[in-house]
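Chains H and L, in that order, are what the protein sequence lines are.
Counting in our numbering, the first sequence runs from 1 upward without gaps.
Counting in our numbering, the second sequence runs from 1001 upward without gaps.
Treat the hints as calculated values from the structure; they're not laboratory data.
Since this is a predicted model, take the numbers as computed values, not measurements.
Do not rely on the hints blindly, as some may be mistaken.
To be verified - Reference listing, derived: stretches of chain L covered by chain H, where coverage requires no fewer than 3 residues with Cβ under 8 Å from a Cβ of chain H:
#1 1008-1015
#2 1033-1046
#3 1057-1066
Glycine is no exception: its CB is placed at the ideal position from the N, C-alpha and C atoms.
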Amino acid sequence: MALKRKIAFIDLSKNSIEIAPVPVDLRRKFLGGRGINMYLLSKFYSSDLDPLSAENPLIFGTGLLSGMLGFGSRMNITSKSPESGHLGDSNMGGDFGAELVKAGLSHLVIEGKSPTPVYLVIRNGGLEIRDAEKLWGQDTVETQKLIRQELADEKYHVACIGPAGENLVRFSAIRTGMKNAAGRTGMGAVMGSKKLKAVAVRGTLDIAVSDPKTYFRYYLKTLNKLMETKWVQALGRYGTPLLFQYANAMGFLSIRNNQFTTIGDQGYALEAEALEPFATGMLSCFGCPAHCRHRFSIEEGRFKGTKGEGPEYASIGSLGSKLGNLDLQNIIYATELCNRYGLDTISAGSYIAWAMELFQRGMINQDTTDVPLRWGDGEAILRLIHDIAGRKGFGDILAEGAFAKKILGEASKYYLLDIKNFPIEMTDERLPKSFALGMATSTRGACHMRSRPSLDVLSLPEEVLKKIYGGPVSSRFSSHVGKGRMVWWHEIFNAVSDAVGFCRFLTIFSSPHAPQYQQFSRLIALSTGLTFTPKELKTIGERIYTLERMLLVKDGISRKDDTLPKRYFEEAIPEGPAQGEVISHKEFDEMLDEYYRLHGWDEDGIPEKKNLKRLGLDE
Amino acid sequence: MRIKVDEAQCSGCHLCEMVCSLFHLGTMNTEKAAIRIHKDDLGTSLNTPVLCRQCKEMKCLHGEKVIGAQERKKFLWKKTRAEYCPFHALSVLGGKAFHCDLCGGKPQCVKVCTPGALHIVK
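Bound conformation, chain H alone (with noise of 0.2 Å):
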């Protein structure tokens, strides 16, 4: 049973491990995965916690059915961000999360600083603290490798971090696998502070099932159903870098830090075709029917021999066009780099983006920054990661991310576009309001995945629409109109999502028709035993997303900080398809009303106190 998985509480201060069941109650009240990790985290956050103090927990957490059948097997890895300064949680595929399931484990709650480099071992229940003094310093790929070795077991799946987490780089990832990562608001940083170089786990326990047959029987006709939308075709087909040609013709991609939002047709270059001569062949995570990741090799040229997996559309996106960088083969040998040394090639690609135009407009010079930072010159760019990654000059002011504002001075700060201290990412959301205010609110700083309401791309009729989010919402991509319900109701979800353990691309994220509530409940009561009605768990996605705000809300934040970067109202996109389009600030002020008054928050973004009763948060 489902329910049956632990928690462990490791303090590498005390060098003591503590395992505890994970009560009902608290399933009930937050699934598991992202839910449950806020919960755990709630209970040590302060303002002034310091990301990378002995006292910030890192906290592993497996999704509800991860490791089970489903709609993906995804996790969550949750702490205070040490890039942003406030709530850091990044989500990861592959088959980590599952691994951790078979050795009878959801959750991880990681304190203290150990005074030398150590790893954990799970095996089945087991915790055992080793000694990583040979894995410092070994890149994510030969770390995972090394562990099997000494460990003489090829079945083990490992989480950890490269020079850059070692480096206390503010953006670094936690890693697993050739490309999965934790990836965002600089969960790495947090693991490279606790000395803790990785996390090894084996796991060959039974998972029970309520009721097999049953379950059996649902999931394939779920299944069949979801592999005949032309999305998860497309998706195994091509992956995420479809999603380049699309945000490129309509004009929402960023281009030289945001200045433009389109390359027209040299996006030829980036786009799903032109990954074919490289990819050779489509996998998946542990648990996942899409198989949207690349297989590549590069046969020649400079980055011959270069092998892995990927790139994404966000690593293209960032690593590329936003740093006017069309050169795929560099794209994908930066992607590499930074999965090696364990860096977030998201945040990578805004900071360089920055620095590139900080160097345009001769606010910094070779002085500073050591080669010259020209769009689109690759050499560049990979040097950039490698200075970040090892913190040498100016990579180590670029290690600082948004930090460096202070460094970089106060007229550096308006062309970094960035969101309660953390950057926008490959995207510009001029065009597409419901994006624009979903960058603007999610509880994690400037992040399309908390909200993303991809649908709106769709232009679906306004009835069926107001039949999805319960309503009106304007079918127009461009238009405000309804779109602050639009985000509500997405955020709500995807944080059920995320408790559950399923991925975005399975679920209403990509298709109208693709599962949600209705089948999450099915499965969920199916495989665990555990009821819940479609209306009970959007209740709890309400409380997760709420307990995030009450977070932000302790470091401050409010209607203040729920905004965009000023470029977003001040700059009209000079050209393309988009040309003319700019967020106009009453507009953005409607949006954000509707938004906190379905949230149950007041006018200036504070969860209300009957609705925090309701939700069970005015302990």
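Assemble chain L onto chain H, guided by the hints.
Structure of chain L alone, referenced to chain H:
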């Protein structure tokens, strides 16, 4: 009847292993499945599904006085048979070997193999 494997198509999702254990044992355990995916996940990223080929010789039954046709229909086998299989095709865990009984004629793993790495050959 047997299951033919097209290794190049395998995405490494493990759904085949999951449904194998669920169908036969009513539990989820990828290690208690007659099919298993060998993953070179930190090297070539290639995946290799391995399961019983339903070969005629049945060297796995080394010296046993049993009827091969009947044994073919069983999922749980004794561990020693895995050692005699020249293809190393049987999974072993906790003193048992897991043998592909073709789910009595309707292999469940094939139903969930969305990349098309598993096919029924009659």
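Right, here's what the structure says about each hint:
Counting residues of the segment 1008-1015 of chain L whose CB lies closer than 8 Å to any CB of chain H gives 7, which reaches the minimum of 3, so the coverage claim holds. Coverage of the segment 1033-1046 of chain L by chain H holds. Counting CB-CB distances below 8 Å, 5 residues qualify, and the rule asks for three or more. Residues of the segment 1057-1066 of chain L with a Cβ under 8 Å from some Cβ of chain H number 0, which does not satisfy the need for three, so the listed coverage is violated.
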